[in-house]
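Participant: Could you build the full structure based on these sequences and the hints that come with them?
2 protein chains.
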Amino acid sequence: MTAIRVTVDIVLLTIRDGHLNALLIKRMAKPFENRYALPGGFVLEQESLDDAAIRELREEAGVDRVYLEQLYTFGDPERDPRGRVITVAYYALVPHTQTPRAGTDASDAAWFPATDLPPLAFDHREIVEYAHTRLRNKLDYTNVGFGLLPEKFTLTELQLVHEAILGQRLDKRNFRRKIIQKGIVKPIKEWRRTGRKPAQLYRFGR
Amino acid sequence: MTAIRVTVDIVLLTIRDGHLNALLIKRMAKPFENRYALPGGFVLEQESLDDAAIRELREEAGVDRVYLEQLYTFGDPERDPRGRVITVAYYALVPHTQTPRAGTDASDAAWFPATDLPPLAFDHREIVEYAHTRLRNKLDYTNVGFGLLPEKFTLTELQLVHEAILGQRLDKRNFRRKIIQKGIVKPIKEWRRTGRKPAQLYRFGR
DNA sequence: TCAAAAGTGTTGAAGATACACCCATGG
DNA sequence: CCATGGGTGTATCTTCAACACTTTTGA
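Chains A and B, in that order, are what the protein sequence lines are.
So in numbering that gives the first Met the number 0, spot 70 of the first sequence is number 69, and the numbers just go up one at a time.
So in numbering that gives the first Met the number 0, spot 109 of the second sequence is number 108, and the numbers just go up one at a time.
One thing to keep in mind: the hints can contain errors.
Since the list gives no way to pick out one identical chain from another, each pair is judged satisfied if it fits inside one copy or across any two copies.
In silico lysine-lysine, BS3-like type, Cα no more than 30 Å apart, as pairs [to be verified]:
#1 Lys-171 with Lys-29
#2 Lys-137 with Lys-151
#3 Lys-25 with Lys-188
#4 Lys-196 with Lys-29
#5 Lys-188 with Lys-171
#6 Lys-29 with Lys-137
#7 Lys-177 with Lys-137
#8 Lys-29 with Lys-188
#9 Lys-151 with Lys-196
#10 Lys-25 with Lys-171
#11 Lys-185 with Lys-29
FYI, nobody ran anything at the bench for these hints, they're computed from the structure.
None of these values were measured; they are calculated from a predicted model.
Facilitator: Set out below in structure tokens:
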């Protein structure tokens, strides 16, 4: 019972060109050498699980201030060929504007569409799917979508985030009404003029 | 990093006389000697987390076929004075009809109202509150309430379960309409005649 | 015949959905 | 002046909340 080791793995998600993407890192070491895997690693003796996840995100994905939430703990005795390793899975959200560069100790980090993943190491595919489901479910009774946007954003950008996560188009008028009625965004006196008609910027409020 | 030990702890819930109750066990050993704690214990090297929870429920609470769901993993480095122990928390539901007896290796098991707990060992109070919150949230978008009822039940009994979990009275007509429209219960051709007007029995369907 | 729990419908409010056109700007 | 994405309102339907009386039985 003392021979169990504990890792954290993090599903880092962002929106890239209208699709939900997850960051994966190509493994250098065995097992699953050259396979893609989630950023993550062993929990240190003196750090909390959340701190371990934050540390791994910084070390392996080069990202710092993200929305982070514990997902589920995967503990099948056969899930890791090296022995008994349970993993506490997290998911994290970053705006794609602060593009995470590949970290230092990871050979190769890359974004993949959450619905079109390469073969993954361990049970990591299941973990990504779990994260996607959780995010979809939380989308409309929480403000979780804001983790995927920069501080200032247009309502169209927010709608694209929702569409990417839900995998379906939404009606512009209904979407805007719902968001505004919830009172969780407030318009600021700035406009993004990106060639076309300028779009009003909003901020996540309170 | 290998010195982390892993336990499971289970919040076993039932409805007793209209209130949500949790099963607690008085600890014999240090630390927290004589304090109440959740049933649980160390995960064995060859068992999954779910299996560990099922085993502990059988050993410590004497219950067998229950609804069981993983809750959250608590991993604060200071949460256990004996050293680094993380716990994967579960919650489980039993109908109060199959009253669990106190198990064998537990000195003293007893039911306590979930809203009026004695002082608990470790961070177990937080875990019970987390379980209560989860159950409340899942109540109306899942069928989770059925775990607390025997196979055959009346709609009034089902309503009492919901009221106990939510902590508020519900309108009988609205409740029955909603449940029946969901199509998750089906009436059977049996009536419970308990002194008053006989009540139709239902079964959880499909 | 009384006490106790079972059972049953309607109305109004709020929220969700469907749907189409005009506007401001840069090129 | 045209192409592009920004922005707006209404009608309908569905869902939820409030609300009170009749029925069946055992004592």
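Participant: All hints, please: hold or fail.
Facilitator: These are the hints, each one checked on the structure:
When the C-alpha separation of Lys-171 and Lys-29 is checked against a cutoff of 30 Å, the pair qualifies neither within a copy, at 48 Å, nor between copies, at 61 Å. In this assembly of identical chains, the alpha carbons of Lys-137 and Lys-151 lie at most 30 Å apart only when taken from the same copy (22 Å versus 34 Å across copies). Proximity of Lys-25 to Lys-188 under the C-alpha cut-off of 30 Å is found in neither arrangement, the shortest distances being 44 Å within a copy and 60 Å between copies. For a Cα distance limit of 30 Å, the shortest separation of Lys-196 from Lys-29 qualifies neither inside one copy, at 53 Å, nor across copies, at 69 Å.
In this homomeric assembly, Lys-188 and Lys-171 come within 30 Å of each other (Cα to Cα) only inside a single copy, at 22 Å, whereas the closest approach across copies is 50 Å. For the identical chains of this complex, Lys-29 and Lys-137 are neighbours neither inside a copy (36 Å) nor across copies (41 Å), given an alpha-carbon limit of 30 Å. Proximity of Lys-177 and Lys-137 under a CA criterion of 30 Å is satisfied in both settings, with 16 Å inside one chain copy and 23 Å between copies. In this assembly of identical chains, Lys-29 and Lys-188 lie within 30 Å of each other by CA distance neither inside one copy nor across copies; the values are 54 Å within and 61 Å between.
Taking the shortest Cα distances, Lys-151 and Lys-196 sit within 30 Å of each other inside one copy (17 Å), while across copies they are farther apart (63 Å). Taking the shortest Cα distances, Lys-25 and Lys-171 never come within 30 Å of each other, neither inside one copy (39 Å) nor across copies (57 Å). In this assembly of identical chains, the alpha carbons of Lys-185 and Lys-29 never lie at most 30 Å apart, being 49 Å within a copy and 53 Å across copies at closest.
Hint violations for this structure: numbers 1, 3, 4, 6, 8, 10 and 11, all remaining hints satisfied.
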